[in-house]
Amino acid sequence: MHLSFKRAIAARALLFAVVCVLSLPTTVHTQDANFDADRIRRATVFVMQVDTTGASPIIQCAASGTLVTRTGLILTNAHPTVPNNACPGDDLIIAIASEPDAPPVPTFRASIVQSNPGLDIALLQIDRQIDGRLIDPTALSLPFVELADSDSLALDDTLVVVGYADLGDSSVSLVRGTVTGFSAEPIGGDRAWIKTNTVLPGTMTGTGAYDQSGRLVGIPTTVPLDQVAPDSRCLSLQDTNDDGVITSGDRCVPLGGEISVLRPSNFARPLFRAATLRLDLQSQTATVPFTAPTGAPVFSRLFFSPTVNDAGMPVSVVRGLPAGTDRVYLFFTYANMTSETVYELRVSSGGVLNPTFSLSAVRWSGGRDGLWYVGSGGQPWSNGVYDFTLLIGGVVADSARLLIGASGETLPTFSDIVFGIENSSDGVVGTGFVLPTGTVASARFIHRNMSPGLRWASIWYYQETEVLRETLDWADGESGTKTIRIQDPAGLLPGAYRLELYLDIGQGFRLAATSDFTLAGTPVGDFARIFEDAHFTTAADAERALTASGLSSFPEGTASIYALFDWNQIRPGTLWTMRWLVDDEPFYEQTLPWSAAENGDDYLMTLTVPGGVPDGTYRLELSINRIIFAQTEARVGIGQLPIDRFAQASGVQFRGQIFDTQSGAGISGATVIVISDLFNVEEFTAQWDQEQIYALATTDRIGRFIVERLLQPGAQYSLFVIAEGYLPISADGLEVAPDSPSLDIPFYLTRG
Amino acid sequence: MAVIEIGGASQSGITQRQRWGHYFAVFYAAIALLIGINLRDSSVNAVVAYSNTTAGIRALYPRGWLIDTDGDYVFRVRDLSAGGYKTTIQVAIEPVAPTASSRNIVDALTLARSQRVAAYTPLSRSPISLSDEREALALEYAYVEPGDNVFLSAIPNVVSGLDIIVLQRGQAIIISFLSDSDTYDSNYPVFQRFLDALVF
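So the protein sequences, as listed, match chains A and B.
Counting from 2, one number per residue, gives the positions in the first sequence under my numbering.
Counting from -7, one number per residue, gives the positions in the second sequence under my numbering.
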């Protein structure tokens, strides 16, 4: 294993020269030197959901996906992977293209480890070979990409979408486009969706869109419509009815329509964190399953607002907006929705579809019933009359019209409704949109341009049922604030309330302002005590956890952590949010209808991780209407997540080919050892310890190798190349240039 | 043309000193040969000591083999210079039930491996005696090992394996030898030396 002095010098000189030459900046036809198109291509996979209950697997749905860890975690959409009515398969096949120009080949099987059907995001873990043999994911070393901070994306930024354009022989496609806008929804604020001018085929749903530095910033998303919808498309691929021919009678793989929206990558971060840490959160408290909707999904009560407040409520209601408007939100009431419902917004002006402000068919990410909005902020609207049409499953559900460029006429208005407990100075105090149960609830709103005697009305609803209506003549000042109230000496019931304010300015009563609020919890001063005694503990089992005392720190390797809290006066169906964070990064967030009893103690959840809960600072937050009512925190081990030294996807890919000096043939089975920058060749060959190795690669049948772990610029690695029957070669001081996306080096070994 | 005569006529002219010189030359050559063979054997059979006091294991493994202790085994050494499958010796400890027999251990290994490796084929199982006269079970098997990088075109290797299973103190000591089936016989003496020197 020792090299003669001259040969060693020659080998090192050769290696140094090659490294220097190949590390020089080259012309890269992408946005950024760090944009490693080859690595992104290799990290892009094709996902097939199959039904394995028959004699042979039948493809149910297909999508693209992206490897986001070296251990085979794949980010994709939920709709083609998580079993549902349209995609009822029971297993997932992952196809990978071994060559850049080749179509993907089924290589692995995967399972769903995290998903959010509403957000339409799923994380799959490669866990089996294609023949079903189990894989230890930690032994995998696959190319992967990093997630970008999608909030850093701006209008007109360049995007590159990499995915499979069809179900045929196509290889991975790169499609360039720009960011043309963002769509707003309650679930994600003004950046619930990223719009692009690129029109992508439906099979690219679930793949990755990349920023200029080659990090995944969005997930192109569309949903195939039901086969009964006019726009539905599908493709028969297999003889599923065994009649010897493939016709329309066979299972049809649904294809989505054209894609122009991306789900921002930040939505995937909590799921990604939970998946990489293998966090499993289970509720132990018996709950009543929330009844599935029995009727057809409907949209109604469409109206526009120029602004949305912190609680996601409209600030006012308008029919027209002045020229130069750059914020428009379409609000509507929804009912009987599920996470499988597909909805769409088409905005047109003069009969021409405006793709910038439209939202293509996507999954519903809200609850079953309630108030929703879709809109845009920070993008200027041209003057004109716009028709907003909402569709459910490809069929028109409702529509509304908005005038941009309305006259500056000063009309009476109501706006900025907030709720609370009335105080002595005619104001309201409290959290604004969540009030404690009691006999009275007050609302304060701003009025402008009012005149004495103007007819106005207020209508209060409880659980969508009208409970109080008042029609009055205006008797207050022209502009200012006014407080109104609803009261019941027997006590107002907990649940969801709505206030609608109407004005009659000559054309009958029209909605002027509206807002929802929630009544829950027992009163403590002016505030509601809804959740209390939230704490963490640990115990041998769930039953013992109920009586265990609360803990704020846990030893390293604790198998399970229990979280408990008591609750008061929460009507079943009330939307509440449970959020878990580790080291201030959320890994679980769900807004769900309350499904336990109205009052109770010890709502219990278990956080379990195989091998023990990782070190970190864990926090549980409980909120309603975006207001946190209880939280608790605890440390595990040192209180900080361990650093994953393999998590970095930036760096230089090192690959090459090893040849026989005499014959020029590639040498198979040779080993390329990249030694950590903490050691040199002499130290390594003295100990031969795996701990000293940064990465290993073995050559294939023609001598090619790929070092999957990326080399980091600035670090000085050592290299050792060894093959049976050949003299080894080695070199210290291998350093890669930061602006080189990859390093491709041929090596020549001499028989010895 | 000059003629050089080689023959017996000149032998009579060899002096006693020259005769001893010949004897010494032959002797030195033999000594050098023996030293060379010894050096080669020392190099080829050079070993490195390994000990794990927690597991109670001491071993001597071949110098130049890569040692790895970060897995579901006590330790593993691999010959990275080997072509095809990298020859591997591994020592693992598995807990066993008090009532477990060697057959139970073999069944568990077979079930686990059949889920993880391709074409896993048990070949034979037989009782053996180790060098310290302890009883053990030898399990021979074979499987196919595909390339580890799906982006390369490596031909799968056929791997031959041998497990030596010893039950002691509620544990199963599993000493495994894995080699490319083409070089299994030539590599086996390395494992035999490892096994003879293993203390557990």
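Treat the hints with caution; some may be incorrect.
Stated by the list, open to error - These stretches of chain B come out as covered by chain A in the derived footprint (C-beta under 8 Å, 3 or more residues):
#1 17 to 30
#2 74 to 86
#3 157 to 169
Claimed, not checked - Among chain A residues calculated to face chain B with C-beta under 7 Å, some are:
#4 R42
#5 S174
#6 L175
#7 R177
#8 T179
#9 G670
#10 D690
#11 Q691
#12 Y695
#13 D701
#14 R702
Since the hints were made in silico from the structure, they are not lab data.
Backbone N, C-alpha and C define an ideal beta-carbon position, used for all residues, glycine too.
>> Quick check: do three or more residues in the segment 74 to 86 of chain B have a beta carbon closer than 8 Å to a beta carbon of chain A?
In response: Contact hint for the segment 74 to 86 of chain B vs chain A: holds, 4 residues under 8 Å.
> Given R177 of chain A as an interface hint, is the shortest Cβ-Cβ distance to chain B below 7 Å?
Replying inline: Violated: closest Cβ of chain B sits about 24 Å from R177 of chain A, beyond 7 Å.
>> Take the shortest C-beta to C-beta distance between S174 of chain A and chain B; is it under 7 Å?
In response: The hint is violated - S174 of chain A has no Cβ within 7 Å of chain B, the shortest such distance being about 18 Å.
> When the nearest CB of chain B is found for Y695 of chain A, is that gap smaller than 7 Å?
Replying inline: Violated, because the Cβ-Cβ distance from Y695 of chain A to chain B comes to roughly 13 Å (cut-off 7 Å).
> the segment 157 to 169 of chain B covered by chain A? Criterion: 3 or more residues, Cβ-Cβ distance below 8 Å.
Replying inline: violated (count 0)
> Does the CB of Q691 of chain A sit less than 7 Å away from some CB of chain B?
Replying inline: holds (4 Å)
> For the hint on D690 of chain A, does the least C-beta distance to chain B fall short of 7 Å?
Replying inline: holds (6 Å)
> Would the hint on G670 of chain A stand, with a C-beta cut-off of 7 Å toward chain B?
Replying inline: holds (4 Å)
> Against chain B, is T179 of chain A within 7 Å by beta-carbon distance?
Replying inline: violated (31 Å)
>> Under 7 Å is the threshold here; is the Cβ of R42 of chain A close enough to any Cβ of chain B for the hint to stand?
In response: violated (10 Å)
> Taking the closest Cβ pair, is L175 of chain A under 7 Å from chain B?
Replying inline: violated (18 Å)
> Hint check: is the beta carbon of D701 of chain A less than 7 Å from a beta carbon of chain B?
Replying inline: OK, holds: D701 of chain A within 7 Å of chain B, min 4 Å.
When the structure is compared with the earlier hints, violations turn up for hints 1, 3, 4, 5, 6, 7, 8, 12 and for no others.
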